[in-house]
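A.B. asks: Protein chains in written order, with the numbering used here: chain A, 1 to 389; chain B, 390 to 669; chain C, 670 to 931; chain D, 932 to 1380.
Anything over 10 Å on all C-beta distances counts as not near chain D; from chain A, calculated: (1) N174; (2) D282; (3) I322; (4) G329.
Computed cross-link-like contacts, DSS-like style, restricted to lysine-lysine with a CA-CA straight-line distance of at most 30 Å: (5) K288(A) x K1102(D); (6) K620(B) x K354(A); (7) K288(A) x K171(A); (8) K159(A) x K1099(D); (9) K1375(D) x K769(C); (10) K531(B) x K815(C); (11) K1279(D) x K288(A); (12) K1054(D) x K349(A); (13) K1099(D) x K288(A); (14) K545(B) x K744(C); (15) K815(C) x K538(B); (16) K530(B) x K744(C); (17) K136(A) x K1099(D); (18) K895(C) x K530(B); (19) K228(A) x K326(A); (20) K1336(D) x K885(C); (21) K1040(D) x K620(B); (22) K1096(D) x K288(A).
Hint data in this document are derived by calculation from the structure and do not stem from the laboratory.
The structure displayed is predicted, hence computed values, not measured ones.
All C-beta atoms, glycine included, are put in the ideal place defined by N, C-alpha and C.
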Amino acid sequence: MMEKGSDTIIERFRHITEKAHEYAKSLSQGKEQLVAGYMCTHVPEEILYAAGIIPVRILSSHVSQAMTRSYMHETYCSFSHDCAYQGLQHNYDFLDLIVTSSSCIHMGEAFNIWVRFAGFQQKSYLIPFPHIMQTKPAGGFVAESFGEFKQFIEKLTNKSITDNDLERAIKVYNQTRRLLKRLWEFLRLDNPPITGPEVATVTLASQLMDKQECNQMLEQLLQRLETKPGKAASGVRLMVTGGACDDMGIFDLIEHLNYSANLIFVDSCTAARYFWFEVPEDRPDKLKAIAEGYLGRIPCPAKDNVPGTGERKRFRFIQQFIEDFKPDGVVFIYQRFCSPQPNDVVALKPILHKLGIPSTELELDTTIPITQFGTQLEALVEIITRVAP
Amino acid sequence: MIAAGVDIGAVSSKAVILQDGQPYAFSLVATRTPEESAFRAMNAALGQIDLKLENIDYIAATGRGRTQVPFARITVSEIACGAAGAVHIWGPSVRTVLDAGGEGCKVIQCTEKGRATAFLWNDKCAAGIGRSMEAFADLVKKEVTEIGKIALQSDKFPKIGDFCSVYAQSEALDLIRSKVPVEQIIAAYHYAMAKRIATLVARSGVNKDFVIIGGLAKNPGIIDRVESILKVSRLAPKPEWDPALTAALGAALFADSFYRRQSDTSTTAGVSQACLTYPI
Amino acid sequence: MNTGKVMAGLDIGHVNTKAMIMRGQEILGYCTVPTGFDVVAAAQIALNQASDGVGISRGQLAGIVSTGIFRDMIKVPPLNVTRTVPEYVADAKGALFLNKNSRTVVDIGGNVHKAIRYDQNGNLLDVIQNDKCADGLGIFYTTMAKAMGLSEQEMSELALKSTKDVPIAIQCALSAESEAIDLMCQGVDIADVANAVLKLIGERVAAMCTCMSLTKEIVVAGGLAKSEALLKRLPSLIEQDVSVLNLPEYAGAIGAVISYEG
Amino acid sequence: MIEMEQEVQVPYSLKTWNEFKNYQSTCYRNYLYASEGLRCMGSTWSVLAPLKGLGEDVLVIGGEPHAASTAGTFPEESREDISAAEVAGLGFHSCSYLKLFVGEVVRDKIAITDGTIKEGYPKPDLIWTTHLCSQHSKWYQEVSRRLGGIPMYAIDMIGGGNAEKDPKIVKYVCDQIEEGIRWLERVTGREFSDELFIKAARNEIKVLVLWGNICALNRRAPAPLDERRLIALFPPAMVDRTTDETVRIYEALLKEVRHMVETGQSVAPDQRFRIVYFGIAHTYGHPEIARILRDAGAEIVASVYTFGTAGNFRGFVNGNWSWDPLDPAWVDELDLSSRRDAISALVKIALGWPTWQGVRSYWALEQMARAMVTEYRADGLLLAPSRSCETDFRNGYIGMQRIFKNEIPTVEYDTDQVDVRKMDLPGSQRKTELFVHLMEAHRKGVHDR
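Input sequences plus hints: build the corresponding full structure.
C.D. replies: Structure (structure tokens):
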């Protein structure tokens, strides 16, 4: 349903998202290059990168299959089922390592499937990471936990990771984050030179890529965009917030309705939450710095609980994004069977109501019911544009 | 001036034709493939008034299959159409519309002008209630039009899971083992489905006046229970309007007004991709 | 088993009731009727139609054995069935009777599907039954055929003509149904939709099977075994050869008769 | 393989039973009706002793045990609570304990085990809880939000096999609790008494160890206790295990069960088959399933949920799990002289709970199952994942089915802890009947060979 954009760089990014594991394979092929898969975005990629390992995120394939149903309970989300499937299908046997950090339970189980049943027992690592990001002791704990991960990697590659290595990796990754941020900033414009789905696609690709290559491509892209004229006058501005969604079809759908509507922001761990933070570069202790960076992120709803008040820190970010990107409507997306996400929606709706922003909820599965979601989105636009006979 | 609306639903397809805004003809046929059903529905309605497709000035399509209707000039969501149709039928006091269709249940909030202001779509596990009624009717070897009345014959019946129509079906089948009379099993199944729908309505919020449209609106076994669970009664259905036609009527009203506003290019509704390749 | 005796087996499932008349090892007649909500009546009709068809009177029947989910409900008059066997036991015996080399039977019924492993004497070794979300595959199959305005036979044949794999949500019959409808509303070729429906059923059954080690030969029973399109898919899905039993939907009823004595 | 072909004995009836029931409902009544005192809410899967440092008038109510017992006492109310929570917008797939609990808040009434319903939800002064699964701390965030912002403090118990032996994790959790104690002082304006705290801490640890000892006696044949009693006897320890009274009743129970074992008595003497059960106590359907088993002389003699939710065992001893109990005397000798000592002793005990170990560690769960099957000489393994419980290691069970099926009769059926709508009763009954049949066939097979 997606007509390809003209921009060749964006095409290259899109190609990577569509052929994720082929790209990852190409990284490892021939060369001495080590490649690691990661399942939760709280894995400190910098540490892997400093050791010369390229981290690639494991995402879903949207192949409808029942195979995983006899490994994982029905009531785990389709995203975790699909990621588990990648392992069971041996799509990623070439990986040298699979890593995750204490994540939501569903994704944790996807990781377990790889370890137990897909032959990764001997090449896997689970990084203990807080389930509440905002406690005082979290900092020290994460630094120590990352330290142990660093030692594990040093043993694996049997060469030590120096502070310089870490510093370089931090700079490369921060660079990616800054470039991506600049890309998303375009969407604040009334007629940006790039569309929301394109930005989302590029962001998704960045999670699969060697960051050096990624940064080069991003810089070229930004150069072109800065000179490129904006696209046609934009329509209704829709912001997406919720859980992991690597199905770009949904975002394309938003821009291919029978009305003119635009995707202007995506708050999810496959989009903004992946990169909307930086690791401080001026700290003497690099591990502490990385810990500080990762704890300062937009929290995943499964990890968001400010001690003392129970406040959700993520809501502050969302309100900021609403101020900056000025959406006319909000689209909640979450995986069917996910619990943290819908439980945040309950508390978010009153906030949107106060702001007078209408919303709709899309329940994600392996595949998307295009006509149903299309109807929901068009109905949302009709409400925003006050359509009546 | 003749305007028409077609509603290609998951289970049935409907057409409503208006002459100068007044009801002229309508039809309801089973949905097979959307395009073919669109023609069948339209022709059925046209047949009543000896008109041809080209005699119609403007056609709007709604429903799940709306993008597959080649002869439609515009498409409008069944949310907007449901609200518009309901207010046209029941008047400006309508605020909450439950559209209980074959595949999905939607709850629509609207203004006195029939403009939708918010809606709630059923969650995946509550899908297919309408169609499951047909499967259930087959299992009990009764007519789908009959079971609704049978369901109301017993006020005492075992409670079965209302979370998912497939579970409910298994549980209903299993009640046979405990020798529960068939009427009670039918009642139990209807209550469960009604409870599931009522939860959606309450989740979205019921504001008076409340009306129910869509195919299930014709099943008293569901509707009466929904009302009693919600402790709110809907406006009585109008004899002259089959509630299943409400969205199609809404589409026809949109067609009517867009025809009048045709000159005005600032219309917010887009033109369906299909009709570009299908000059009328 | 006493070779002379004429016996009847009744397999009363969620959806259909199957009756089987046998003289010793010889199959005389059989018949299937929908179970509906009057189990006793359904059982009687099935039994009468099966026996009348081969000119056997009730008096000539040495005994009736019932199996299936509702097996206990016909212990009452007029049938007064005294012997019942669990469906998995009957399935095993029946499958072994219909195929001496079979050691595993996969039974795909209207509401429940299961895989049963047994030894050369038809003694149970292990059984796996479907998860809750996979209930009602048979009913789903019927419903989808109806939704497409086809007979089950036609849907299966149409699926074989499919040229394109279209994905549909695998969670349960419900999601699959609404996505199949969604595909039709997108204008997807219904042959491909039919294929997707059968693919889902095959996938679910195969997934269940992998929880248990299946021993060769593997045979398929139950109403859905009659779908050629489904059977074409199964072997690749469970990565083993499978064959369809002759009279697949009667495995249980036959097994009931066989297990009458030993 | 043990055969119990002796003549059927009279089922033993527990003398301490009523004391347990009374203790539990007294705790709830106090929380509901106390005119003064400090009302504390939260998961009783948290260490509770710190709350007791705030004074002798601290009243606690815990999410899971309350939801579970309410569901047991008021099936219809619970249905309404859960749908009220869904109407209020909570996820259709969220934890049903959570929804029942929030449903009561929404409906502004509360129902307790002694059969009473109180109109007007008793507002807690503070929420002290843990984060154990992806939705668990959301639970109290929602309660806090709905009650207008109750101060809450959630402790991240980052579990996983052997966590209690990982100094990094122990320190992390201890630090959070020290922070938490300072927070408790701030939010209540009370001075924290280390004396009261340490006393409560020792009681808390003692009760957990005592329960472990009680469970361990079920290794004998016949097992003195059955699943029904086990399910009923551990909740008091979940409700409030910090009081002298809890220690007293659990010591009394241990004494009584020891006597049962010596005299070869059991609450369910007919035990032709011994079953190990992995699953949460699903309130609905449990009687039906139990009946099928009892008719076949099959009893659940051990389960990770009843043993390991409020009980401690030796756990991993050089790589292998052991269900051996800990010596109660060890608790009396524990050095709890300082606040930090008491905190870390508590944290080690809490992180050592088998349930914790299993929640995020499939290998620990698998080892527990293996050990339980051998130590309790099980004839069958029954797996009953709960559809809406993330901590019920649903996934572990599916994996375990694959692993154990070739070794021992293993059947898995679907349940839900308190949501009757999600309990697959027909399927569970079918599968339990099958389970019994498989155990019979297996035993016969073993004899033939």
